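Participant: Required output: the full structure, derived from the provided sequences and hints.
From first to last, the protein sequence lines stand for chains A and B.
First residue of the first sequence? That's 359 in our numbering, and the numbers climb one at a time after it.
First residue of the second sequence? That's 359 in our numbering, and the numbers climb one at a time after it.
Bear in mind the hints are in silico, worked out from the structure with no lab data behind them.
Here the structure is a predicted model, which means the values were calculated and not measured.
As the list makes no split between identical chains, a pair holds if one copy fits it or if it spans any two.
Below are the DSSO-like pairs computed for lysine-lysine, each with C-alpha atoms no more than 27 Å apart in a straight line:
id : residue 1 : residue 2
1  : 424       : 389
2  : 608       : 570
3  : 525       : 389
4  : 608       : 525
5  : 570       : 525
6  : 563       : 608
There are 2 protein chains.
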Amino acid sequence: MSSLSEAPGRTVVAAVIGLGSMGLGMARSMKRAGLDVTGYDIAPTAVDRFIADGGRGAATPANAAKDADIVVSVVVNSAQTEAVLFGAGGVTETMRPGAVFVSSATMDPAVARDLSQRVEALGFHYLDAPVSGGAAKAESGELTIMASGSPRAFDTARPALHAMAGKIYELGDAAGTGAAFKMINQLLAGVHIAAACEAITFAAKQGLDLDKVYEVITASAGNSWMFENRIPHVLAGNYAPLSTIEIFVKDLGIVQDMARSERYPVPLVAAALQMYLAASGAGMGRDDDSSLARLYAQLSGTQLPGLSGKPQS
Amino acid sequence: MSSLSEAPGRTVVAAVIGLGSMGLGMARSMKRAGLDVTGYDIAPTAVDRFIADGGRGAATPANAAKDADIVVSVVVNSAQTEAVLFGAGGVTETMRPGAVFVSSATMDPAVARDLSQRVEALGFHYLDAPVSGGAAKAESGELTIMASGSPRAFDTARPALHAMAGKIYELGDAAGTGAAFKMINQLLAGVHIAAACEAITFAAKQGLDLDKVYEVITASAGNSWMFENRIPHVLAGNYAPLSTIEIFVKDLGIVQDMARSERYPVPLVAAALQMYLAASGAGMGRDDDSSLARLYAQLSGTQLPGLSGKPQS
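Facilitator: In structure tokens form, the structure reads like this:
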């Protein structure tokens with residue numbers, strides 16, 4: 359098998375499975391970089407959106423991945439990833455021998471290791487490559503990718519990685535390490551959003567000037583990336599989903615399951631997860647994750663900007 | 359009463375009560391700015407240290423505050439602040455009429471309001487002025503001060519504030535507001551340290567390269583000011599106290615008490631406080647607050663840099 363980097367003259371054939379806000383941006387970035395990209399999504403309207411952009415669409419993952427050198431999977435979780443690979447109409451039916459499967463869904467590292475072994479047994483490469491950065495960075499090709507896999511997996515995937523990412527962390531040759539780094543990031547991100555919402559609503563409860571709180575905290579030792587990024591949604595009273603409550607129900611759930619199986623206590627994660635569950639149970643699951651502030655407001659009779667006594671939903 | 363800013367020709371007389379790592383730096387900064395500073399501490403060795411620097415020492419708060427225009431109190435909590443003001447040998451016995459008491463201890467806003475009323479009833483001004491920034495910034499006169507109080511309190515205190523602070527937030531004319539802002543900061547700071555320690559030790563449990571984890575997280579959405587500042591202590595295995603576990607036992611305790619009395623749920627604070635209590639109970643109360651990582655290691659059989667199986671203490 360020759361890796362793509364050894365054959366610079368040929369156009370790289372790629373598929374993107376999952377054309378949500380992240381996958382669509384990643385597909386567009388790859389197309390802009392000169393790759394021959396076909397997209398698939400379980401929702402036909404998402405495929406149509408990519409076609410309207412000048413992209414090529416397919417009716418199944420297998421059709422999208424036909425003769426592909428690189429298949430980038432940007433689905434929600436490990437179950438969907440497994441279906442994309444091995445389900446009826448899955449990509450392993452049609453990928454070019456020696457092609458690489460780039461797996462971006464956040465998942466338990468043990469599951470990533472298992473998928474990697476099964477993919478490699480079929481003569482393909484597997485790159486464990488979760489991403490961070492959000493839809494805007496996906497669109498501009500400036501994502502952060504936390505990747506691990508064999509040198510051949512990296513080499514084969516490199517045209518797609520360079521098209522999608524501003525920063526690529528190469529974290530070793532074993533699948534699972536990329537996933538583990540992503541879970542550490544999600545642990546912190548999920549707890550920090552909950553702490554930010556607990557704090558800003560507590561400030562509101564005390565009648566403090568919330569714009570001033572934002573100014574002081576972002577210049578102080580209490581700051582976090584998430585406080586700085588999410589609290590403006592609360593100050594604007596705008597809970598339109600950029601990243602949803604359900605994402606953290608899922609990701610902190612994975613962290614809690616991993617930690618339980620490793621006999622590792624995670625009291626902060628456990629407390630935060632209960633709040634995401636409560637927000638979801640109260641009807642805010644598909645709203646922005648900063649909706650935890652609305653939950654705290656509801657639980658304490660506190661007024662927040664843009665909200666009446668009863669939270670919107 | 360004429361405020362000091364109206365009498366620029368006269369040397370400002372000031373006292374600093376509490377010459378720990380913060381108070382000593384603040385006293386030195388005020389002295390460097392040309393104020394006539396007398397220091398007091400309950401520990402005579404702390405006073406001697408200030409005298410060895412060329413400062414003037416006193417045997418009681420009242421002696422230190424004799425004819426002072428500005429008294430800066432940098433003690434541990436509200437009980438000590440009350441004793442400094444109204445106990446035997448307290449500063450209100452000797453402060454110049456119209457002088458200002460600058461209160462820097464972290465405390466419940468309701469207590470700050472009460473102390474302010476009692477001080478003002480005696481003909482003095484009160485500035486609610488918690489600080490943030492640590493010993494190095496105290497020494498260089500670059501603290502952040504979150505202050506509230508009457509315009510006269512601000513005017514009278516200004517020579518000391520300018521000497522101590524790089525940034526002064528003026529948060530309104532009511533005592534208690536400065537204290538409330540500080541508690542919001544401490545809520546976040548305390549939760550973020552616990553989350554950072556939960557995450558880095560979980561990464562160690564999974565055998566990840568911790569230096570790489572630090573590099574990736576500080577460039578990702580999971581970052582916090584505290585993760586960036588405290589995790590290097592864990593990576594170096596150095597738990598010498600810069601700020602102690604007991605500080606957050608105290609400060610998250612205040613947050614929890616405030617929240618309980620306001621019927622406001624703080625599940626993240628509650629979970630974090632239990633970990634600080636456990637660290638204190640396990641003998642790490644006077645060690646650096648990053649010792650929570652050692653606690654997580656102990657509770658999960660995880661190796662951390664510089665630690666044998668049994669945690670040092």
